[in-house]
Amino acid sequence: MPLGRNVGEYIRLVDALTHVQEKGEVCPANWEEGKEAMAPNAKGTAAYLAAN
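Under UniProt numbering, the first residue of the sequence shown carries the number 1, and numbering increases by one thereafter.
Take these hints with a grain of salt, some might be off.
To be verified - In silico EDC-like cross-links for lysine to aspartate or glutamate, where the CA-CA straight-line distance does not exceed 20 Å:
#1 Lys35 x Glu22
#2 Lys23 x Glu36
#3 Lys35 x Glu9
#4 Lys23 x Glu33
#5 Lys35 x Glu25
#6 Lys43 x Asp15
#7 Lys43 x Glu25
To be clear, the hints were calculated from the coordinates, so they are not data collected in a lab.
Kindly produce the complete structure, drawing on both the sequences and the hints.
The following block contains the structure:
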């Protein structure tokens with residue numbers, strides 16, 4: 001994943017990794033802190049996709 005010099009992208013990536021470790025949820029593409037994540041199973045993915 002090319003991040004280049006975009007500091008904001010590094011921060012978003014660290015926030016997503018922290019969220020996964022703390023809550024056990026999966027972060028979808030372009031996820032930002034405070035936005036909805038999904039459970040790491042088929043039901044969680046289906047519920048997230050149905051809501052979004």
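- Message: Name the hints, by number, that the structure is in violation of.
- Response: 6
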